[in-house]
Each structure stands twice: as C-alpha cells, then as structure tokens.
Amino acid sequence: MAQTITQKIFARAANRKFVDAGESVWLNVDVLLTHDVCGPPTFDIFKHEFGTDAKVWNPEKVVVLPDHYIFTENEHAHRNIDLLRQFAAKQGLPNYYDVGTDRYRGVCHVALAEEGFNLPGTVLFGTDSHTCTSGAFGMFGSGIGNTDAAFILGTGKLWEKVPESMKFTFEGQMPEYLTAKDLILQILGDIGTDGATYRAMEFDGEAVYSLPMDERMTLCNMAIEAGGMNGIIGVDAVTEAFVKARTSKPYEVFASDPDATYHSMYRYQVDKMEPVVAMPHSPDNRATVRSVAGTPITKSYIGSCTGGKLTDFMLAAKILKGRKVAVTTNIVPATVLVASQLATESYEGETLRKIFEDAGCSIALPSCAACLGGPADTVGRSVDNDVVVSTTNRNFPGRMGSKHAGVYLASPLTAAASAVTGKLTDPRDFL
Amino acid sequence: METIIQGKAYVLGKNIDTDQIIPAEHLVYSLSDPEEVKMYGKYALSGVPPEQGGLPEGDVPFVQEGSYDSPYTIIIAGPNFGCGSSREHAPFALQVAGAKAIVAESYARIFYRNCVDGGFVIPYETLQQLNKMILTGDELSIDIKANTLTNLTQNVTYQLKPLGDVANIVQAGGIFEYARKNDLMASSQA
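Quick mapping for you: the protein sequence lines, in order, are chains A and B. Each residue of the first sequence is one higher than the one before, counting from 1 in the working numbering. Each residue of the second sequence is one higher than the one before, counting from 1001 in the working numbering.
With the rest of the complex left out, here is chain A:
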C-alpha cells in the first residue's frame, strides 16, 4: 500500500508496516522537547502522576531548552528557570541548556537543529506549537500540551491520529526577492488558519529543494498557522550534509510513494509569485506588499524561530547595507550561535553586525523575546498602537504585546526594506 512520508514515520514509530490516515495509534517518541514556559507545569504533572521519585523514561531523549522569558527582571520567570534547573539536576538530564552558562542556546527549534537532535525519520514532540519546524529534516515534529508531555516523560509514548496529507509543490527557480516566508504566507492566504487542521503539510518541488535548511525550517515552522499537525519536507543531500555535520546518530530516510493518497494538492510557480505580508490580525490575511506599500509602520522586528536564523539576517543585510533605518528596528538572533555568526559572517565585505549597527538597528540577546510579547520589560515588545512589520509567525490581537497594536508578518527582505523607509515597502524597490 502506498504511503506518504508522514504515514511511514508513524508506521515506524508504531511498530507497524502500514498505518491508515484517520486511525489513532500509539507512537514511540524519539525526542521530547520542552522550555521554560511549559517545562515547569509539565514536570509538576509528571511528579503528580508518576510519583515524586519517578524517573523519566529516557534522560537522553528529553531536551530542555529555556528560551521564552530569559532576559527579564520578572521573578516568576526566573523561578521557572530554577524549576527547570532543579528537575534537570534531579533527573540527570544531559540535554539541559542552562541559562547564564555557556550551555545556553536560545530559541529551541533552531537550537534543536544546531545540536543535531533533528534526525530524519524520527518522532519529536514538543511543548511548543512551532515544534513542526523540525519537519524540514524529513521527520515528524508536532506541538503538544503539558499533560501529553508529562505522559511521554513517564512512558515514552503518546497517542496520535494519523493525519491526512496535503501537498504543496513549488516549481521553478526562486527569484532573489522571494523567500520561504513568502511561500508559506501565500499558502496561508489560500487555505486559511484552519485549512490544514489535523493534517500534514508536505512541501515539495524544485524550488523547495533549492532552499537551505534555514529556509526549509521557516516553511515547516508556519504549518501550525494553518492548523497543521506537522509540516514536512523530504530528505536530500542538503539535509544529510547538515545532519551529518552535527551528529553521528543513525537515522532512516523515508519518502512519500508516488501513488500515495493526498487530501489535496496545490501547485505554485515561484517565478510568478510576489512578496506578500499577512496583515493584522491573522496569519491568513494575505496581501501583496505592493498593494499595501506606503502603510506607515512604527517598528521593524527581525527575529524568532521563523525569522531569526542566519539566512534571515543575510537577507536583511542585503537591504540594510549602507542604509539607515527610519524606525526602531530590533535584530533578535534566534540562538547564541546565530548571534556569534553576526560577527563572523559578512555580506559584501562587511560583517552582518556592522551592517546592522551602522544602519541604526538595535541588536538583542538571543531568545524568543517579543515574538509572543512576553513580560513587560521584553525587548521589542509592542506598545500602544504600534504598527510592526515582523518576521515572526503569528499576528492575532495582542500577540507581540499590546492589544491595540497591529502586526504585519513579512519576510526579512520586506521587514528590512520597510525599516529603511518607515513604510511597508516591497523589497524589489531596493534589490
């Protein structure tokens, strides 16, 4: 029987040869990810249900990456980090990345990739909706809540319904003004914020496989904004080179059968596509940048698991080099590694850091920061009636802080171009 890549990964994790879309199965989990917001309540439930002296099912498979509320004076946020630290110490978790030490990494989805936890064919669950980011590595990654995570901590298993798959094929060569963010915002505008609920979103086509891993992660990252259970891209030489450079762990490569059954299929010609934004207050509220060009903004924000990776900053640097920003522009590298790369990676002979500093941007320490608003003292948090152009993933009311602010989701090229003019600006005006 023909299966999609997601079905095959489910079948492997359920010790089956074949699984049908729609059936519920128990999956053996390869990695459980958690962070400072959902880790402490997850550990509480674990202790309550399994006993205060219970041990997690496999310490090697639990990855704890604090990233949400790190650089804040909020005492409750600090306490949550302490709770992670205590649990990791008591359980002897080798994959705890403590705040305030040289083990601190930053945004969990990007750090998972950097640290070699993303392995083709595996099953990852995380207490964060953007866990789907890891699907870029030909694996299953999906978000869950604290109770489900606590269940995994104790048993290494979780029930899940085998999703139907939707296929999105991007044909042609990516033009230089187009990014993965534009592709996923295009899809969101077409299918809506519940267009993929409980389904897998499989990305395919020449244009997708021309993208570096950072961009593939952006594509999969926003599957959740369409309600998707997971986003997924098949494995090629680019994936394998990335993985092998970071880990020697074994893995299994799965691919969709050519005659696998899909819920629906969408085809796009990338050279006919345009830079787009999602207007306030929904990620599916799509408009071409041209059609809203000139809309005044008060802030530009380049960061997060979606838009704070090295590739995102390389793209922003192309536009910001030799120019000044007209509005407050926050550069928030996702991880410590990305932050260090700002000082080592160059565009046309200048480091990214220098380009951003000369342009007048403010560079923040790596964390989730204002992508989700955060405590009141979070860098970049929107206030009052801010109008923000942002490379983040979500723009429902109040997402970046103020309930009265409006957020335009955009590519790093569009966010940089708009920063320079102080108005929504098509990046082609500068390229």
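Worth flagging that the hints you see were computed from the coordinates, not collected in a lab. The structure presented is a predicted model; accordingly, all values stated were derived computationally and were not measured. Don't take every hint at face value.
Just the calculated beta-carbon pair ranges, DEER-fashion [unchecked claim]: (1) B:Gly-1137 x A:Glu-240: 57 to 65 angstroms; (2) B:Gly-1137 x A:Asp-377: 32 to 40 angstroms; (3) B:Gln-1064 x A:Asp-377: 26 to 34 angstroms; (4) B:Glu-1177 x A:Asp-53: 17 to 25 angstroms; (5) A:Leu-431 x B:Asp-1069: 51 to 59 angstroms; (6) A:Pro-94 x B:Gly-1058: 46 to 54 angstroms; (7) B:Thr-1003 x A:Lys-55: 33 to 41 angstroms.
In silico SDA-like pairs for lysine to any residue, Cα to Cα no more than 25 angstroms straight-line [said to hold, decoys possible]: (8) A:Lys-47 x B:Pro-1034; (9) B:Lys-1014 x A:Gly-189; (10) A:Lys-161 x B:Glu-1125; (11) B:Lys-1181 x A:Gly-22; (12) A:Lys-403 x B:His-1026; (13) B:Lys-1181 x A:Ala-14; (14) B:Lys-1014 x A:Asp-386; (15) B:Lys-1132 x A:Pro-280; (16) B:Lys-1014 x A:Ser-402; (17) A:Lys-403 x A:Pro-280; (18) B:Lys-1161 x A:Ser-24; (19) B:Lys-1042 x A:Asp-377; (20) B:Lys-1038 x A:His-76; (21) B:Lys-1042 x A:Asp-44; (22) B:Lys-1038 x A:Asn-74; (23) A:Lys-47 x B:Glu-1177; (24) A:Lys-161 x B:Leu-1184; (25) A:Lys-90 x B:Ser-1030; (26) A:Lys-47 x B:Met-1185; (27) B:Lys-1038 x A:Glu-49; (28) B:Lys-1038 x A:Ala-376; (29) A:Lys-161 x B:Gly-1164; (30) B:Lys-1038 x A:Asp-377; (31) A:Lys-403 x B:Pro-1071; (32) A:Lys-403 x B:Glu-1065; (33) A:Lys-403 x B:Ser-1030; (34) A:Lys-403 x B:Glu-1036; (35) A:Lys-403 x B:Pro-1049; (36) A:Lys-403 x B:Pro-1061; (37) B:Lys-1181 x A:His-48; (38) B:Lys-1038 x A:His-78; (39) A:Lys-55 x B:Arg-1180.
The beta-carbon is built from N, C-alpha and C at its ideal position, and this holds for glycine as well.
Fit chain B to the known structure of chain A by using the hints.
Chain B in isolation, oriented as in the chain A frame:
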C-alpha cells in the same frame, strides 16, 4: 462525571487564539500553587479585544475587573477555537475561571487535545453557527448523554457532534485516568 452542564453562555467569534485566551505575559504563574492559580482565572480571555468579547453586543468581559472567576459556564464560539500556541495554560485558565464546556464549530488540534487529555473543559463541536443564535447571558444546558445543547432562555435544543474517539478519555477525566483504567501506563513503561 456529571451528566448535565448548566449555566450562562459567553459568546465569541472565530479564530480565538491562545494569546487571547491567556496572554503570554501571564504564563509565568504556577499552575499548581493555589494562590497563583487564581491569576489564570483573573486573566482568562483577557486578550480578546473588548468589542469582540460577549457577543452579539460586545464589551462584556468574561471575568469582571477585580474578580477571579467568571459568571459564564459555557463558551460558544465559531471555527478554529484555540488556534495558536500549545500552552495548556489556555484550557486551564478557562477551567479555573469556571468554564465547564466549549461549543465551537471547530478547534485547533493542540488546544483540543489539551482540553481532552488534561480533562479541563469538554470541547463540543457543532455543525451550526451557534454563536450567531445564542446570546451572551442566555441560560444553557448540555445533556452529556444525549449530546444536546438546550438554550433555556430561547427554548431551543440543538444536536451536538458526538465526541467520537475521545469520548472515553473525556469520560475518564483525562489521559492519565484513561490510561490507568486501560492499563496503558504500566505496559508502556520502558
């Protein structure tokens, strides 16, 4: 488990995401300390723009200023309720505020799982646009066995979608209770 859920309706629109259900800045509070838990009740649905809360009129807060719980027991909403982040604090906050059930046209997956597996509130689905028919403040009654919702104020009864696969977990009161009953926790421990 109760067989009837009765109380006042609180009506919302579509795409109520978890940042509206419990804004991220409040996620720092403990979910087990009894004093801090109250904060989740206080801030439940506080991220909904005022004019969109308590339809059809709007400007009706779910929880009154200065209070820690809500006078409303059943939330009525459009499609894609609970989209956005994975925070289990969202269904938890609704439960702490006093909600017992949600009746929406559809749910985002993680929120739905969290409601069921955590045993916080029962997420019913409906085929009708009940948020256009029911008014905030209407007295409602859900018959869990019959799968019906009766609007006692308007004297109308609607059929709800069966809970399907998850009915057993809902009945058990959550995934742990369900797993214990079905011997899934012991057998799955490696």
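(message) Hints numbered earlier in the text: which of these fail when held up against the supplied structure?
(response) Failing hints: none at all.
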